[in-house]
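From just these sequences and the hints, can you work out the full model?
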Amino acid sequence: MRLQGDAPSPRDSSRLAPRGYSLRGPRAAAAVAAGLADAQRYLPPIDPERLIRTADDLGTQQLLMMSPATYRKVLKSFHRRYFALIRQYTDAKIFFHSDGNVVDLLDDLIESGVEVLNPVQVSAIPEPERLKERFGHRLAFWGGTGSHVTLPRGTTEDVAEEVALRARQFATEGGYVIAPAHNVQADVPPQNILAMCDAARAKDLGAR
Numbered sequence: 001m002r003l004q005g006d007a008p009s010p011r012d013s014s015r016l017a018p019r020g021y022s023l024r025g026p027r028a029a030a031a032v033a034a035g036l037a038d039a040q041r042y043l044p045p046i047d048p049e050r051l052i053r054t055a056d057d058l059g060t061q062q063l064l065m066m067s068p069a070t071y072r073k074v075l076k077s078f079h080r081r082y083f084a085l086i087r088q089y090t091d092a093k094i095f096f097h098s099d100g101n102v103v104d105l106l107d108d109l110i111e112s113g114v115e116v117l118n119p120v121q122v123s124a125i126p127e128p129e130r131l132k133e134r135f136g137h138r139l140a141f142w143g144g145t146g147s148h149v150t151l152p153r154g155t156t157e158d159v160a161e162e163v164a165l166r167a168r169q170f171a172t173e174g175g176y177v178i179a180p181a182h183n184v185q186a187d188v189p190p191q192n193i194l195a196m197c198d199a200a201r202a203k204d205l206g207a208r
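In terms of this note's numbering, the sequence shown opens at residue 1 and continues consecutively.
Watch out, some of these pointers could steer you wrong.
Claimed, not checked - No more than 27 Å apart at the CA atoms, straight line, and that leaves these computed lysine-lysine pairs for DSS-like:
| hint | residue 1 | residue 2 |
| --- | --- | --- |
| 1 | Lys76 | Lys132 |
| 2 | Lys93 | Lys76 |
| 3 | Lys203 | Lys132 |
By construction, these hints were calculated from the structure, which means they are not laboratory data.
Structure follows, in C-alpha cells:
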C-alpha cells in the first residue's frame, strides 16, 4: 500500500496535525524541564547536556509514510517548534529516531534542528554510502548494523564484516556511532552481539 499522496485539501491536512502536542504555555516548558530533571536523576552516567533523544517514525522499508510536501505541510513546523523549545533548555545534540527510508526528508529534518540520525536502517536505503557524501557535514549517524539479517542470522564473521562496511561508509572524519539498525531482538545470538561490540572496539567506533 502506498501512502505518499498529498492530503486531499488543506482542511484535511490540518486534521492530521499533532494537536495533542501543544508547545505553547507553561505546561510544555514544565514537561521539558521535568524530562531533563528525570535524565539527571535516573541516568547519572549519561550527561544530559550532550544528547537528547527524539523520535517520530516517518519511513517504511520502501518509502516515506507521506510525501515530502505533506510532511512540510503537516509536521515540519511542529518539529521546528519542538526542537527550538528543547534548545531553550540545553545545547545537547538533537538525536532523532525514525525507522525506514527517510532520505528525502533529511534536508528538512536538518533544517528543523536534527543533528544525529538513528537508526540508519540500511536495509531500506538503496545507496547508504551516499548518506555520508550528501549529509555527513551536517548530520551524524547512529546505527547501521543490519538487524533483519546479519545480526539474527549471520555468523560472527558476517557481523564483523558488516561493522567494517558501515565504518567505511559512515565513519570517515567522525560523525558515526556503530549500533544495530533496530533494537536487538530476542532472536539475535549473544555471540553476534559480542562480535559487533568487538568489531566496533577494534575500529574505535564507540563514538566518533
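Fill in: Enumerated hints in conflict with the structure, sorted upward
none
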